[in-house]
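Chains as they are written, first to last, in our numbering: chain A, 726 to 1022; chain L, 26 to 368.
I should point out that these hints are in silico values taken from the structure, not numbers from a laboratory. A virtual CB, placed ideally from N, CA and C, is assigned to each residue, including glycine. Some hints could be false.
What the hints assert, rightly or not - Computed spacing ranges between beta-carbons, pair by pair:
| hint | chain 1 | residue 1 | chain 2 | residue 2 | range |
| --- | --- | --- | --- | --- | --- |
| 1 | L | I339 | A | D973 | 48 to 58 Å |
| 2 | A | D963 | L | S347 | 42 to 52 Å |
| 3 | L | K289 | A | R866 | 23 to 33 Å |
| 4 | L | M26 | A | K808 | 51 to 61 Å |
| 5 | L | E308 | A | K956 | 45 to 55 Å |
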Amino acid sequence: MNNAIIIGTGKIGIDLYIKLKRNNIFDKIFIFNTNKLSEGAKYCKKKKFLYYDTGVNGVKKNLNSCNVIFDCTSANSNMIITKKLKNLIRNKFYINLTPSTFGKYVVPYFNQQTIPNEVNLITCGGQTSIPIISLFKKILRGNLVYSELVSSISSKSAGIATRNNINEYIINTENAIKQLTKIKKTKVIINLNPSVPPVNMMNSLFFELKKSIKPKKYINLKKELKKINSKIKFYMPDYNATLFKGFDERVLRVTVRVIGQGDYLPTYAGNLDIITSSAVHLAKQINQNYFDGKSKK
Amino acid sequence: MVKVKNKVIISDVTLRDGNHAVNHSINEKVIRSYCELIDETGVNIVEVGHGNGLGASSLSIGRSNISDEKALKIARSELKRTKLSIHSIPGFSRIDDLKKAIDCGVDIFRIGTNSTEIDTTFSQIEFCKKNNVECWGVLMMAHLVYDKKKTYLEKVKYLHNLGIKTIIIMDSAGIFLPDDLKDIISNIKKKFKIRVGFHGHNNFGSAIWNSITACLYGAEIIDVAIKGFGAGAGNTQMDVFLTVLEKINIKTNVKIDAIYQIAKKFPKILEKGKIKYKNPFSEPKNIMSANYGLFSGFASKVDYFSDKFKLDDIEAFKAIGSKRLVAGQEDLIFNILYNLKKK
């Protein structure tokens, strides 16, 4: 049996359930929380998901048949849960979708051959920006001195955990950017926009250079950025990064619009989709690399 | 209307909100000379920092001339009687910034965000409580929660339940009129045992009377700026406000004559710090900005980009208004005007 467990029935947990189901990666997907009266729990029951309100104890009982566990709770809960499961998850893949520090940073965009057992999927901002920052760092090298990411997400797409974890969000995203792209100075900012109807997830990336670049290099960046767009489209159909020349020659701007697939929340919640889609993409890689893609096709 | 018995607390935001007016270029020299002067006047609180508060120095909003830490340390060393406060918006600032501010000797931590998202202040407020520092809740862009359902009461309740004892109603867009303040402040005072302050912007020329009305209906703290020096059309002008308060017999701790003198000197103080002074004024673009309920701090960004793109500034504000940006989304002004230019 190749089953999966999702812990947490917030916006991310449910969206991930729908996506995993559609992609047919696992035989069964179980979803757990501790509050059967929550909005998410009600949704799970209505949609006849394999839902249980038995929390970590329920997870323990189902671990045998599962290879992959997705933690979609909050930074705090993640710490508590992973402590409780410690030895039991040693030979499993534990995918952390909360902004806690647990696990090794992974951006599934970079198809890795070996996948760590404990994966940290960073944040929606991290999954959105790191492929781009990494590319710019590779092309611009020492000329790139600083990057800045400003993410705007709609208020409606931000659940309680997101709101309580703003600090963890920023720190985790900044640390992952530094670690995975080798850039030394970076800053992350996040905004919630309350507009009705909700706004699409938008990200602005600023790249500060030591000296301005030649047109040829600029065209090259533009070309390579297009490649990122088409590669990410493989798992995130509506991801669009565009490079702009600002008015300051030493600053490049990239705007990334991320539109979701409208699974649990409507399409404005691209922030939800980019991290759940990354998780699905990673699950496929795990299956391919470790279980011979053995689950039902 | 209540009879105002207590002295109104005067909180001077010139060195923070005023930073919006000069692209966050306020420097060591200006902070030093301004704080030295204001400390003698009886002004209760001085706020220092980047226009968007702690940790907001950035390419998207504008870089501060000096680091938060340095600015706070300089202000701290000059302020003997006047308290030192900071503005902090979670998302720009992080807990580490608060730690540094505590080490710099900040007295009052004003944790705020766009009112609709007030629950994002949770972890910073909890941190302040744990560290036993005075923490206020700030409802920025308060017009977003001023509706028939009185959503602002819900937001105040959230802060009240967290143990917050002082809140500031921020008219970040400069859209409120005196009757709105009468409504908001008296309703809050009726429902909660909480100290209320008001922070005005002068886009509609009503900052003074919004502030006075707030006092008359129970506000105990008013944010002001010298010569009204703040974002967009500016804040509640300190010398005018104090004079009117005196006229209607409401007391403060402040020596007005000293404030008149500082107001006269202020342009010089900036010039000595090599910063160009401009009187705050509600230009047509600022009127438009308030009309659309936009954040006053957008003004300098819109000026810059509409000039670069050669666009009419009023049209620029209309375009941004139609996209309903809120404070913090300065990065998207470029994109909206870029698309406007392409049309």
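Hint by hint, here is what the structure shows:
One distance hint, 48 to 58 Å for the beta-carbon pair I339(L) and D973(A), is violated here, with the actual separation near 25 Å. Between D963(A) and S347(L) the Cβ separation comes to about 23 Å, which falls outside the hinted range of 42 to 52 Å. Restraint check, K289(L) to R866(A): a C-beta distance of roughly 53 Å breaks the suggested window 23 to 33 Å. Distance hint check: the CB atoms of M26(L) and K808(A) are about 57 Å apart, consistent with the given range 51 to 61 Å.
A hinted range of 45 to 55 Å holds for the C-beta pair E308(L) and K956(A), which are about 47 Å apart.
Against the hints set out earlier in the document, violations occur for numbers 1, 2, 3.
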